[in-house]
Amino acid sequence: MVKMGKQNKIKRILSVRGMGQVITVTIGLIILCIVFSIVNPIFFSGKNIANLLRQIAPILIIGIGQSYVLITGNIDLSIGSVVGMSCMISATMMTKGVNPWAAVFITFICCLTVGLLNGELVSKCKLPPFIATLGTMTIARGIAQIVNNNYNTGSIGEKAKGFRNFFYYGKTAGLYNAIWITIVMWIVFNFLLSKTRTGRHIYAIGSNVDAARLSGVNVHSTTIKAYMVSAICACTVGLMTCATTGMGTMDAGNSYEMYAVAASVIGGVSTLGGQGLLLGTVVGASIWGVLQNGLQFAGAPVAIRNITIGIIVVVSVLLDVVVRTGKHRKRKAS
Amino acid sequence: MVKMGKQNKIKRILSVRGMGQVITVTIGLIILCIVFSIVNPIFFSGKNIANLLRQIAPILIIGIGQSYVLITGNIDLSIGSVVGMSCMISATMMTKGVNPWAAVFITFICCLTVGLLNGELVSKCKLPPFIATLGTMTIARGIAQIVNNNYNTGSIGEKAKGFRNFFYYGKTAGLYNAIWITIVMWIVFNFLLSKTRTGRHIYAIGSNVDAARLSGVNVHSTTIKAYMVSAICACTVGLMTCATTGMGTMDAGNSYEMYAVAASVIGGVSTLGGQGLLLGTVVGASIWGVLQNGLQFAGAPVAIRNITIGIIVVVSVLLDVVVRTGKHRKRKAS
Amino acid sequence: MDEYIVELEHVSKSFPGVLALDDVSFDLKSGEVLALLGENGAGKSTLMKILSGVYTKDSGIIKIFGQVVDSMNAKKAGELGIAIIHQELNLCSHLTVAQNIFLGREITGHGMLSSSKMNSEAKKILKSLNIDMEPEMIVGDLSVSKQQMVEIAKALSSNSKILIMDEPTSALTAKEIEDLFLIIKKLKKEGCGIVYISHRLEELEHIVDRVTILRDGQYINSMNFKETSLPEIISFMVGRNIKEKFPRITCKKGKKILEVRKLNAGPMVRDINLDLYEGEIVGIAGLMGAGRTETTRAIFGIDAKESGDIILDGKTVKIEKPMDAISQGIVLVPEDRKKDGLCTKLSIRDNIALPNLDIICQKAGIINSKIEREMANKAVSDLKIKLPDIEVNAGSLSGGNQQKVVVGKWLRRKSRVVIFDEPTRGIDVAAKVEIYNLMNDLKEQGIGVLFVSSELPEVIGISDRIIVMCDGKITGELKTEEATQDIILQYATRFDKKIDKDVQYK
Amino acid sequence: KDKATSGSGTKGNENESKTETPTDTNKPADSERYKVYLITMDQMDQHWVNVDAGCKKAVKELDNIDYEWLAPDVKDDAKQIECINNAVAGGADAILLAANGPDAVTSALEEAEAAGVKIIYVDSAADYPAVQTLATDNEAAGKTAGEEMIKGLTAAGIKEGKIGIVNVNSATASCVAREKGFRSAFEGTSFELLETQYGEGDAAKSKDIAANYITSGCVGLFGANEGSTVGIGIAIQEAGETIIGVGFDKSDTILELIDGGHLLCTMAQNPDVMGYEGMKTAAKALAGENIGETNIDTGVSAITKN
Ligand SMILES: Nc1ncnc2c1ncn2[C@@H]1O[C@H](COP(=O)(O)OP(=O)(O)OP(=O)(O)O)[C@@H](O)[C@H]1O
Ligand SMILES: Nc1ncnc2c1ncn2[C@@H]1O[C@H](COP(=O)(O)OP(=O)(O)OP(=O)(O)O)[C@@H](O)[C@H]1O
Ligand SMILES: [Mg+2]
Ligand SMILES: [Mg+2]
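Listed in order, the protein sequences are those of chains A, B, C and D. Using our numbering, the first residue of the first sequence is number 1, and each one after it goes up by one. Using our numbering, the first residue of the second sequence is number 1, and each one after it goes up by one. Using our numbering, the first residue of the third sequence is number 1, and each one after it goes up by one. Using our numbering, the first residue of the fourth sequence is number 1, and each one after it goes up by one.
Worth flagging that the hints you see were computed from the coordinates, not collected in a lab. Values in this document were obtained by computation on a predicted structure and should not be read as measured data. Be aware that a few hints might be false.
[As the list claims (entries may be wrong)] Here are the simulated lysine to aspartate or glutamate pairs, EDC-like style, with alpha carbons at most 20 Å apart:
1) Lys171(B) <-> Glu256(D)
2) Lys161(B) <-> Asp252(D)
3) Lys47(B) <-> Glu238(D)
4) Lys159(B) <-> Glu241(D)
5) Lys171(B) <-> Glu241(D)
6) Lys338(C) <-> Asp210(A)
7) Lys338(C) <-> Asp210(B)
8) Lys126(B) <-> Glu278(C)
9) Lys47(B) <-> Asp297(D)
10) Lys96(B) <-> Glu256(D)
11) Lys159(A) <-> Asp252(D)
12) Lys161(B) <-> Glu238(D)
13) Lys159(B) <-> Asp252(D)
14) Lys75(C) <-> Glu158(A)
15) Lys76(C) <-> Asp210(A)
16) Lys339(C) <-> Glu158(A)
17) Lys339(C) <-> Asp210(B)
18) Lys124(B) <-> Glu320(C)
19) Lys161(B) <-> Glu256(D)
20) Lys171(A) <-> Glu110(D)
21) Lys256(C) <-> Glu278(C)
22) Lys159(B) <-> Glu111(D)
[To be verified] Chain D regions said to be covered by chain A (calculated; three or more residues, Cβ under 8 Å):
23) 61 to 73
24) 287 to 295
[As the list claims (entries may be wrong)] Residues of chain D clear of chain A, computed beta-carbon distances all greater than 10 Å:
25) Gly91
26) Gly101
27) Glu113
28) Ala173
29) Arg183
30) Gly217
31) Glu238
32) Asp252
33) Asn270
34) Val273
Just so you know, even glycine gets a beta-carbon here, dropped at the ideal spot from N, CA and C.
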């Protein structure tokens, strides 16, 4: 056994769950940025960076939610539909003259109900999370459609100007509010996950649910909390979408659940649970956003975008698996 | 020990893995049909039934593929994209003057490659199946888009008449060929799954991969075979789509993987592996098709369809879980 | 000192098909170390799990510090001051040492986890255990023995008054065991009551005050350790009429079937040499964790071999995966039936057919369901498996019957060697005899039988020759006539300097 | 229709001062180069290719334009807004936009205009003032389609019956407008217009829907875009009955179906004209010239057999 000095402390931080993956991917992100800047110098202009950050924002927020759920060893496929639901419910109410902030409040309640339902189905009813949230995904999309009677809403109007500025268009201290919201949410949820008891329990049930239960962790309420966080994140993105477009779109958030999985997984969150850092999710979401933005500036057609993204998802997880198996072998042999 | 009489034989069939679920859902299907017939008598007309069967056909075929993969305890998210790939590759070749049957052959090769890749990533590289096939899903969609340079193809023309009749429009013995193809594929794959060694191995690795390996099952090749079957099914549906529309659509097959999961799961295939019957998949796909068709005749808007389908997915799995836990409890108490 | 802090009265508990505890009474005083002894499956762990609220009792009374506790659960037990170190590791492998130690009762300040405080507390505990381990290391990266120490530290950190240790030393090194004993002595002085479960009887004299013995789920007796002797304890533990229970047949020893030469596979299989002849059953005895299972796994091709040869009927065979072994005629009835033996969601018919599909299938790989059904029915009637129908799920059978299915699926094919790893674990006495008879049948047919078991009486009762393993090595080979439990235990505890010579059991 | 309102003419003068384009080293040094982006709803349809082709043609003639086509991977308001933001970040002087919906992009356009970008609508306008709108009046076109269908039905001696409508989804404004126009043509007739069904623009799905309509005895079918039209065409072709099919957009497959007599006609827009004229307008606006008409209907022509 070796005594650990200060230089080893750095080493230790690097060896924290998933930190290796975060670093690998950060390097990948930097390379991507350099490549895109060379291909088209506009990519690295100040204007585009502000813009890019605002594009990363929604992906990162849903990525945070999905990361919470993935770390507990489950999955949330309903995210995209909850985004749509949130967008439609808030917009419909605003077009009907409801005060924007009241509408926001009610929207949160509705979305949290979906989160609660997900948690109950998975944790109490023991449905496989994939199926439970596939079901709620379809139902939530149906609600998004029915809420304004199968049509997108009209404009949410002038009265909602404050709402739109708050969630997307306004700037505070030189930075778009959408970015501020993302930063605040990240700080809050990162704090919850890394510094509180609930956060610890989320990791524990994802790592070994039986051990966690034997240690007195309330698996049921912890699972529900994770799904609630996911619903809050999806709801926020839905409101952001509503603020962005100034109307309710029934299709809003389509396939966002998959983007969220991709952002989380690229950032080193394990789909098997127990492992992952929200720092990684930032990098994962950034890679996703940079790819979309950079490939567009590089003039790449959609097809190339898809192929590149697919390969990056597979390779980043493959890397992770290879690294972990390597470690595991070493451990077993020692 | 009890000797078995003839009446017990029926009992035995009923007690086969998942048969209970199949029967429950069949009753549900019958009720649905009755309700729809009452709402709109056209629903039960001969013409609509022939038509309905043809609408069920693609869902059932991809359902078969997904069932194979689910029974091994994995999942295939790439199905929809492989449908798109198959449709675009075959159509592009035909518009470029390739002989339709040669095009079909090449299309199969391409799709099987995706199946093989899925199998290798899951079984050899030990990627979580969700992530591996999420990656190949994106890549395959990219290929579908790039194959005709990011555009839908034009018409596949007169020369492909035979191809179109074979896969969709023609009739044999009074039944559409699309239905015949489905029947033949079902018979073949049901036979493979229930009557052959490989089929047994598929169930075995889904039930307990370690026990299967210790019983001499080649887990690697069995996993690959299951993904191959899924690719064959998706490819066939892609060709069918191409034959139906007479052109290649890059979007073809969008979200079919989820329809396939739904058909399988409603029919009693467990997403946890080891359990399910292709007979159930027939019922699951039929429910799906009947809902789509019947709700149109009933004049229901899309939202209601989504909500209905979501609830049916959740409830049917919930029922299954309840029944199984009930049994378990009874056993435990005894 | 004489005050009872735990009193269990008339506790019973049954699992599907097994009566694990039958009207057991048990008590523990403060400031004593009580050894709870018994064979595998005697019900020790079950009793302790009931005490610590993991399982709920079917009937009986639990009194803690004189108070009757009605509905015990894990959380309540913790609050009452009961801590348990489980037999199996129960750690979150992704979390750090300190995080595991404080899981479920994290130290917080202002709603925030105080990591530094937990780390320093953990460090203190680890230090008191004399473990040189950083509290921020990830548990999954630690060796099994270190993980076991974390489990111990976790239990100690709760400052409990009642501490249960279920085989804490099975994975520890000699030094770690010594440190643990020091801790136990210290806790004893502080007035803790400690229940200590172990199969390593040589450890007892260092710490134990009293022993309580269970057998087949029943309370046998309790006595002060000083007033008894190990042979007496063993006789109470084993305590049944061995002759009737172990049907023995004699065959002529024929030619050599299997030869294992210099087999190495990981730290638990070191330089294994063994021979197996026609017409004999070779027993492999040893303590828990002696490496017997790993040896059989290496032979069967589940785990990779580092070196060594397998020679079957004079020919060296290449076995890289179980498939190879099966096709060569070597089969394994694995130890862990839930994990390795059964596909619980499949029917009995499917399970029995699974390894025999080459026989059942026609050329094109198509199953002949008639042959399949006959095979399954034959296995069921031969082994007297109790079931309503061969189509029911394997998971719905009782443990013993499941075990019979696991055994039965390997007896339908012509094999040269059948390896049984703990085939009688968790099954009732009558079923055991059926399995012995099966092994005898194989022996008569000239098939080589390797029989791994932790139950010494059955090894002695059934084998013709006994190989004893300890710590991954073969430490002795005995003819049945010369074997006694004492001698076997001596060989089985020949650790490489794991414990000083003078403290070893003689 | 009051979309693409006037008032954009005055904006034309503002850019006199804005002569320097973003620092892009690849460009020739002459100062009067402009960057123009075309932003469409997605990249899939033939329609957009034709708009792009029109733009390219104009760019060739103009020779002081750097032109690029941006499109989201799927039709999605939020993603189209990202495209607009990207174009602005990319130093656009003008944007030719085919707005996904009238309302969604307005704030993004406000931001763009604040950054000095000229906006010209092609194909479909947003509810925000622009230099010019070059589009099909979708509602009028839909009405024309309805009238064509009534003509066809009358010619076939059909005076009443059910009519089925296959649309993309209820979210695409242009297609919703077409449907509205189509429905308006039937006011006062004794035809029954059924509940609209949505096929996501997927020809195979639309075909299933159309086949169900035919089963329920429809005498006429309307498809609101390319995929929907292919869907109704092949369904009619297969049914072999005299059902009057009228659709939108023009593609090889659709033309073939018309030639085969399975579709009565399709409403062909002139996407290349939109692209070409739109680019010319952009150049004019950037040069500070007068634009004149702010709302140009690029027209539709009903393409029938021959
Ligand atoms: N969860 C369970 N389900 C079913 N049977 C069980 C379960 N746990 C224990 N048993 C059975 O109860 C009996 C007692 O088991 P227990 O684990 O208490 O034995 P033990 O004395 O601790 O043995 P060992 O020395 O092997 O640890 C055994 O027959 C075992 O198979
Ligand atoms: N998968 C594993 N990972 C880590 N350690 C293991 C693993 N399997 C076994 N061990 C450890 O290796 C040692 C040898 O175990 P093994 O099962 O081979 O012994 P055994 O003699 O068969 O004992 P048993 O009485 O349990 O059958 C034990 O200390 C055990 O804890
Ligand atoms: Mg035990
Ligand atoms: Mg063992």
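| task | Sort out whether Glu158(A) lies within 20 Å of Lys75(C), counting only the CA atoms. | result | The hint is violated at about 55 Å.
| Holds or violated: are the alpha carbons of Lys159(A) and Asp252(D) at most 20 Å from each other? | violated (48 Å)
| request: Classify the label on Arg183(D) as holds or violated, using whether its beta-carbon is more than 10 Å from each beta-carbon of chain A. | output: holds (14 Å)
| Can the restraint linking Lys159(B) and Glu111(D) be considered satisfied, given a maximum Cα separation of 20 Å? | violated (53 Å)
| request: Measuring Cβ to Cβ, find out whether Gly91(D) lies farther than 10 Å from everything in chain A. | output: At roughly 6 Å from the nearest Cβ of chain A, Gly91(D) sits no farther out than 10 Å, so the non-interface label is violated.
| Given hint Glu238(D) paired with Lys161(B) - CA-CA distance at most 20 Å | holds (13 Å)
| Hey, Lys171(A) versus Glu110(D), does the alpha-carbon distance stay inside 20 Å? | holds (15 Å)
| request: Assess, step by step, whether the Cα of Lys171(B) is no farther than 20 Å from the Cα of Glu241(D), and give holds or violated. | output: With Cα atoms ~17 Å apart, Lys171(B) and Glu241(D) stay inside 20 Å; holds.
| Outcome, coverage of the segment 61 to 73 of chain D by chain A - at least 3 residues whose beta-carbon is closer than 8 Å to one in that chain | The restraint on the segment 61 to 73 of chain D holds, since 4 of its residues have a Cβ under 8 Å from chain A and three suffice.
| Given pair status - Glu278(C), Lys256(C), alpha carbons within 20 Å | Distance of about 6 Å is within 20 Å: holds.
| said: Please verify that the nearest CB of chain A lies beyond 10 Å from Gly217(D)'s CB. | reply: Gly217(D) is indeed farther than 10 Å from all Cβ atoms of chain A, at 24 Å.
| query | If you draw a straight line from the CA of Lys124(B) to the CA of Glu320(C), is it 20 Å or shorter? | reply | holds (16 Å)
Checked against the numbered hints listed earlier, the structure breaks hints 1, 4, 8, 9, 11, 14, 16, 22, 24, 25, 26, 28; every other hint is satisfied.
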